[in-house]
Amino acid sequence: MSSVIKTPLPGTFYRRSSPDAAPYVEEGDSVKTGDVVGLIEIMKTFHEIRSDADGVVARFLVDNEELVDAGQDIIALELG
Amino acid sequence: MEKVLVANRGEIALRVVRVCNELDVRSVAVYSSADEDALHVEEAGESICIGPPRALDSYLNIDAIVQAALHSGADAVHPGYGFLAESAAFAHACREAGLTFVGPSADAIDAMGNKAAARQLAERADVPTIPGSDGVTSVAAAIELADRIGYPVLVKAAAGGGGRGIRSARDADELRAVFEQAAREAGAAFGDDSLYVEKLLDHARHVEVQVLGDSRGNIIHLFERECSLQRRRQKLIEESPSPALDAETRAAMAAAAARLARAVGYESAGTVEFLLDGSGAFYFIEMNTRIQVEHPVTEMVTGVDLIKEQLRIADGRTLSLRQDDVVVRGAAIEVRVNAEDPAQGFMPSPGEITAFVPPQGPGVRVDTAAYAGYRVPPYYDSLIAKLIVWAETRTEAVERIEGALAAFDVEGIATTIPFSLELLADDAVRAGTYDVAFVERRLAESGRIRI
Numbered sequence: 001m002s003s004v005i006k007t008p009l010p011g012t013f014y015r016r017s018s019p020d021a022a023p024y025v026e027e028g029d030s031v032k033t034g035d036v037v038g039l040i041e042i043m044k045t046f047h048e049i050r051s052d053a054d055g056v057v058a059r060f061l062v063d064n065e066e067l068v069d070a071g072q073d074i075i076a077l078e079l080g
Numbered sequence: 081m082e083k084v085l086v087a088n089r090g091e092i093a094l095r096v097v098r099v100c101n102e103l104d105v106r107s108v109a110v111y112s113s114a115d116e117d118a119l120h121v122e123e124a125g126e127s128i129c130i131g132p133p134r135a136l137d138s139y140l141n142i143d144a145i146v147q148a149a150l151h152s153g154a155d156a157v158h159p160g161y162g163f164l165a166e167s168a169a170f171a172h173a174c175r176e177a178g179l180t181f182v183g184p185s186a187d188a189i190d191a192m193g194n195k196a197a198a199r200q201l202a203e204r205a206d207v208p209t210i211p212g213s214d215g216v217t218s219v220a221a222a223i224e225l226a227d228r229i230g231y232p233v234l235v236k237a238a239a240g241g242g243g244r245g246i247r248s249a250r251d252a253d254e255l256r257a258v259f260e261q262a263a264r265e266a267g268a269a270f271g272d273d274s275l276y277v278e279k280l281l282d283h284a285r286h287v288e289v290q291v292l293g294d295s296r297g298n299i300i301h302l303f304e305r306e307c308s309l310q311r312r313r314q315k316l317i318e319e320s321p322s323p324a325l326d327a328e329t330r331a332a333m334a335a336a337a338a339r340l341a342r343a344v345g346y347e348s349a350g351t352v353e354f355l356l357d358g359s360g361a362f363y364f365i366e367m368n369t370r371i372q373v374e375h376p377v378t379e380m381v382t383g384v385d386l387i388k389e390q391l392r393i394a395d396g397r398t399l400s401l402r403q404d405d406v407v408v409r410g411a412a413i414e415v416r417v418n419a420e421d422p423a424q425g426f427m428p429s430p431g432e433i434t435a436f437v438p439p440q441g442p443g444v445r446v447d448t449a450a451y452a453g454y455r456v457p458p459y460y461d462s463l464i465a466k467l468i469v470w471a472e473t474r475t476e477a478v479e480r481i482e483g484a485l486a487a488f489d490v491e492g493i494a495t496t497i498p499f500s501l502e503l504l505a506d507d508a509v510r511a512g513t514y515d516v517a518f519v520e521r522r523l524a525e526s527g528r529i530r531i
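Residue numbers (my numbering), protein chains in the order written: chain A, 1 to 80; chain B, 81 to 531.
Just to be clear, a hint being listed does not mean it is correct.
[What the hints assert, rightly or not] Computed cross-link-like contacts, EDC-like style, restricted to lysine to aspartate or glutamate with a CA-CA straight-line distance of at most 20 angstroms: (1) K315/B x E482/B; (2) K32/A x D447/B; (3) K6/A x D461/B; (4) K44/A x E432/B; (5) K44/A x E482/B; (6) K44/A x E166/B; (7) K315/B x D447/B.
Simulated from the structure, these hints should not be mistaken for lab results.
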């Protein structure tokens, strides 16, 4: 079974909390519901994107620093 | 000056473009690909796309903007506020390219950009700074200092930040107790137990003074703006005159601001920010070396067009007025309208504005670049409009802006209008007795603690 994590907000997608930090998650990592998987910068503010399911990160569907729309798919999850 | 490139977007870019049009100076708009449909682009004489939506790639891209200015044959650059307005590197790059930067010298921007240097400059210009000391390491020295500057004081971790490692003390006994506590905590949290002491300003207000300086060394002030209604250090509502100042304090604060501006050889429009405590004492915080968002408040009570003055000054002309010509008449209030949802923790609310009907009437001004059908992009500041009113008295001005704000129809996106209406209905705001912590306190009381 697979699923996708979407961003509720439009803006710029980041995979890390700051330019020097390690990415929140990598492909192949296990995540639990509520884990932070990315950050959206919108109107000079930052909002965390959290996983809405338990699973394994199969694939990032957007690049780091890519501009995204509200509702856009961010991460493909293999549900576990 | 024949052609001005406006290195900004939104309402301030539109405002500068319109002043250029009024002065028969040609204007050049720059825009990111997210702003193709922006009004500042439409109303400027010409326009140049400077990059993709991300500000770093467009409105913060010094090379792209300087190239656009040279390519368009502009001879001056107006930076607006935000983005590169307080970048000494940008001011320098413009001047290196032979362009007039509509603002102060790179040196003045630098001098005021460094907090420690600015504080020293202020002290040398006999402008009061918040009493305190860096590097107080002993309880005895702290108590001696506190006796001198007066209680209450704040004990702060030298290595601290984000509000952590701060304790207040109202007398020597309490200071002795919290000092040891704070040192232990600071040591554990930051690996450094050194502390410093600063006077705690209870019920402080944020009051700032508008200054103008020309290239001939003339410096004037245009009195104050009261900006204490803030959330997360973002101003929401501003007014002039400040209801907190008596005539004597007003004159002293304005004179102090002018002294500081003179001390740095300030050119163009600038703002000197102060904290005012309950006793009427005021202390320098910082100087903003640019035009400010809330500049219309000053324009409404003085009748001076600050953008026009900036362009005059940059053109090498003298100020159009002397200090004695600056007279404050009536009262003005500004409410910022942001694309944020106050019902959801002030969550940004970009998207298409489906209806946009700004209020009108005597003494009502709206600075905006929004319109029905406009899409508020998610990439930039959330400010979509500024509503400013003027009236003979403060009471009338409060009533007028309340009515105007209630009539301001924005549909399709959430805005801060309902929250500002709540603030304007509050007794403390009507009486003019609020302080810088007022908005956060009200939000906490009503259970809508910030998220």
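Against the structure, the hints:
Distance restraint check for K315/B and E482/B: the Cα-Cα separation of roughly 18 angstroms lies within the 20 angstroms cut-off, and the hinted pair is therefore satisfied. For the hint pairing K32/A with D447/B, the CA-to-CA distance comes to about 47 angstroms; that exceeds 20 angstroms, so the pair is violated. Taken as a hint, the K6/A and D461/B pair is broken in the structure, with Cα atoms around 24 angstroms apart against an allowance of 20 angstroms. At most 20 angstroms may separate the alpha-carbon atoms for a hinted pair to count; K44/A and E432/B meet this at roughly 19 angstroms.
Only pairs whose Cα atoms come within 20 angstroms are accepted, and K44/A paired with E482/B is rejected, the gap being roughly 28 angstroms. A distance of roughly 17 angstroms separates the Cα atoms of K44/A and E166/B; the hinted pair therefore holds under the 20 angstroms criterion. The suggested pairing of K315/B with D447/B holds, with an alpha-carbon distance near 16 angstroms, which does not exceed 20 angstroms.
In the structure shown, a violation is registered for the earlier hints numbered 2, 3, 5, in ascending order.
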